[in-house]
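J.: Sequence:
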Amino acid sequence: MIEPMGRPRRDVKRRIIQAAALAKEAALETLWPTRCALCDVPGALICGPCRKTLAFIDANDACPRCGAPFGRSQCTECNSTMLAAAGRDDLPVTAMASVLLADEGTRRIVTVYKDGNERRLAAEMAQLMARFIPPEWSGAHLTYIPATKAALSKRGFDHAELLARELANTTGMDGSALLKRPKSADQRRFDRRGRQRNMEGRFSVRPDVPVPAKVLVIDDVCTTGATVFAAADRLLEAGAHEVYALTFAKVLAS
Numbered sequence: 001m002i003e004p005m006g007r008p009r010r011d012v013k014r015r016i017i018q019a020a021a022l023a024k025e026a027a028l029e030t031l032w033p034t035r036c037a038l039c040d041v042p043g044a045l046i047c048g049p050c051r052k053t054l055a056f057i058d059a060n061d062a063c064p065r066c067g068a069p070f071g072r073s074q075c076t077e078c079n080s081t082m083l084a085a086a087g088r089d090d091l092p093v094t095a096m097a098s099v100l101l102a103d104e105g106t107r108r109i110v111t112v113y114k115d116g117n118e119r120r121l122a123a124e125m126a127q128l129m130a131r132f133i134p135p136e137w138s139g140a141h142l143t144y145i146p147a148t149k150a151a152l153s154k155r156g157f158d159h160a161e162l163l164a165r166e167l168a169n170t171t172g173m174d175g176s177a178l179l180k181r182p183k184s185a186d187q188r189r190f191d192r193r194g195r196q197r198n199m200e201g202r203f204s205v206r207p208d209v210p211v212p213a214k215v216l217v218i219d220d221v222c223t224t225g226a227t228v229f230a231a232a233d234r235l236l237e238a239g240a241h242e243v244y245a246l247t248f249a250k251v252l253a254s
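The sequence shown begins at 1 in my numbering and counts up one residue at a time.
One or more of the hints may lead you astray.
Lysine-lysine pairs mimicking DSS-like chemistry, simulated, CA-CA at most 30 Å apart [claimed, not checked]:
(1) Lys180 to Lys214
(2) Lys180 to Lys154
(3) Lys149 to Lys180
(4) Lys214 to Lys149
Worth flagging that the hints you see were computed from the coordinates, not collected in a lab.
Could you put the whole structure together from the sequences, leaning on the hints where they help?
T.: Written out as C-alpha cells, the structure reads:
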C-alpha cells in the first residue's frame, strides 16, 4: 500500500518534536534535577524511603461517614454534639475519605505542590488518592473545590482542579467543573465555627453544566469539613442525590 506523501512528513515532524521535548527534559534535569518534596534528595518527587514514612489513614479504623481517623467505633468529628456546634443536624455528604494524616511530612508535600509550584506532584498525589476510592463510589462524576481568585492569582493554577484532572486520568472516571466560588476569606484564619460561617453560601453551581446524580468532590486538605460541606449543600440543592468527598490530607480535630 502506498501511503500519502504527507504522512511520512508528519511522522518525521512528530518524531522531531518528541526528540526535542526529551532533550529539553534531559537538560532541565541536568540543571535542576527532580528532588524529593520531603527530604530534597535528587531522584524522585517522593523518594522510596520517604514514601515509607507517609502517615496513611487506615480505612478500617476511620469513620465510614466523615473519614475521621480512628473514628469507626465512636467518631469525635461527626457526632451530634460536633454537628450541632457547626449548626448542622446531619452531614450533607454520603461519605468522605482522606489518604494521609496532615502531619509535618504531608504538609510539606502539599506546600511544595501548591506554593512551591511543583505541579508534577499532582500525578503522584492522584495515584495515592485513587487507592482510597471504594467500589461503592464507582460511577460518580469527578469535580473539585475551585480555588479563590486570590489563590489563582498567587499560584497561577488551581491545585484542586489539577488533582481532579490527574485523578480522572488515573481512574478513567468522568469529570468536569461543577462549582463556582465567589470571593471568600482564607479558611486558615478561622477556628472550627468560623470556618463554617465563612463558607456558608460561598459556592454556586455552574448554570451551563447539569449536575449528575452521583458526585465525587476532590480537594487537597480537609480540616473541619466546612468547605466540602458547603460545596455538597449546593450540589444537593442542584439535583445531586449522593455526594462523596476525597481529600489528600486530613487534619485531626482539636
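J.: Hint by hint, say whether it matches the structure.
T.: Hint check:
1. The suggested pairing of Lys180 with Lys214 holds, with an alpha-carbon distance near 18 Å, which does not exceed 30 Å.
2. For the given pair, Lys180 sits about 18 Å from Lys154 by alpha-carbon distance, which is consistent with the 30 Å threshold.
3. This hinted pair checks out: Lys149 and Lys180 have alpha carbons roughly 11 Å apart, not beyond 30 Å.
4. About 27 Å separates the Cα atoms of Lys214 and Lys149, which keeps this hinted pair within 30 Å; it holds.
Checked against the numbered hints given earlier, this structure breaks none of them.
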